[in-house]
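Enquirer: Protein chains in written order, with this note's numbering: chain S, -4 to 164; chain Y, 7 to 162.
Mixed in with the good hints, there may be bad ones.
Below, a list of computed lysine to aspartate or glutamate pairs in the EDC-like style, where the Cα atoms sit at most 20 angstroms apart [to be verified]: (1) K25(Y) x D80(S); (2) K25(Y) x D67(S); (3) K102(S) x E129(S); (4) K102(S) x E136(S).
Have a look at the derived ranges for each label pair, beta carbon to beta carbon [what the hints assert, rightly or not]: (5) G124(Y) x T88(S): 41 to 47 angstroms; (6) G133(Y) x P135(S): 32 to 38 angstroms; (7) T141(Y) x G111(S): 45 to 51 angstroms.
The hints are simulated quantities; they were obtained by calculation from the structure and are not laboratory data.
The structure presented is a predicted model; accordingly, all values stated were derived computationally and were not measured.
Glycine is no exception: its CB is placed at the ideal position from the N, C-alpha and C atoms.
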Amino acid sequence: MIGPGSRASEDGVLGAVTLRPLIDRSSTGPDGLKHTQPSNEHDREPRVRLEHPATGISVVRLVGEHDLATRDEVAAAIDSALMRDVVVIDLTTTLFIDSSILHVLVKGAQSASARGSRLVLVLGSNDSVIQTLELVGLLPEFERTDSIEAALANFGGSTPTRDDDPTPT
Amino acid sequence: VKGETSDHAQTVSLNIPAKPQYLALCRLALHGVATCAAVDAPTLRELKLALTEACTNSIIHGYRGGQGSIDVSLTFSGSQLVVVVEDAGAGFWSMAPTPDVDFNGGMGLMLIHELTDGFEVGPGTDGRGTRLTFTKQLGGWVRPELGGTRTGNHSQ
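Chain S extracted, bound-state conformation:
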């Protein structure tokens, strides 16, 4: 496993994270009709979402393509999420990650270890992300679970908290 790192969420600043909410794909067009954008291979727009589905557990969801352009946003979300006991990184809808994001994930795991918390990856059947992790030999280094549901069942508490509320409970 990845050992304790040199940085353990040293800023500890909650609320400093600027997160773009997931786009409501059902939008009303100029014709007054509801239009739903497809969520598929061509949906590359990077989005980061931080959720707290249960007490003591945070989920950081990376949607679309992520690289140096979103590195700081991803790092900030993980730093904020590390205030909980368990941080689940949902990569099931991630279309692309590069070494910039791998670096952030490793730092996050190191910070979690230093804090006595856990960082768990959910990869699903995402070949793209799995392949990237395998290429650099990091896949076995991360704690992983099959799905968000499994993560919540294994690690989640019973009391849901308000979605997107970064305040620890």
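Mind docking chain Y on chain S? Use the hints.
Expert: Just chain Y now, kept in the frame of chain S:
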């Protein structure tokens, strides 16, 4: 974006500002060109990662976050794609690729090494900056109109 054609190769090239927000544009261009050449999805994934790492190196190590631009060219020749990424920055070409994962640098070059069929790094045009070139075999088939030949199995 511009294109050049010869008897044996076709090149699509673009010039981007050395800023992270343009990395996606590089991948988009690659995706479009590779789709024209019928590159398979796993190979395209590898190419996108290698190209992103090359451009990221130019941004971080070449220009060190400062102003500049990056030239990217994608050349289909025979059954391979040759990608050239060149900047006019400080020059990171003397950095030797390392087989070990080094989180302070070197992971990008290591990924390019793993993902491609050969790469080289050296000084850019006129000795300035860095020129990184990598090649990738494209599953033995490239559309003939792109200068490709049938050298392997192809289901189409």
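Enquirer: Confirm or reject each hint.
Expert: Verification of the hints:
For the suggested pair K25(Y) and D80(S), the alpha carbons sit about 36 angstroms apart, so the restraint of at most 20 angstroms is broken. The straight-line distance between the Cα atoms of K25(Y) and D67(S) is roughly 14 angstroms, inside the 20 angstroms bound, and the hint therefore holds. Proposed proximity of K102(S) and E129(S) is supported: the alpha carbons are some 17 angstroms apart, at most 20 angstroms. Of the pairs offered as hints, the one joining K102(S) and E136(S) holds, with about 12 angstroms between alpha carbons and a cut-off of 20 angstroms not exceeded.
One distance hint, 41 to 47 angstroms for the beta-carbon pair G124(Y) and T88(S), is violated here, with the actual separation near 33 angstroms. Take G133(Y) and P135(S): their Cβ atoms lie about 43 angstroms apart, and the range 32 to 38 angstroms is violated. A hinted range of 45 to 51 angstroms holds for the C-beta pair T141(Y) and G111(S), which are about 47 angstroms apart.
Checked against the numbered hints above, the structure violates hints 1, 5 and 6; every other hint is satisfied.
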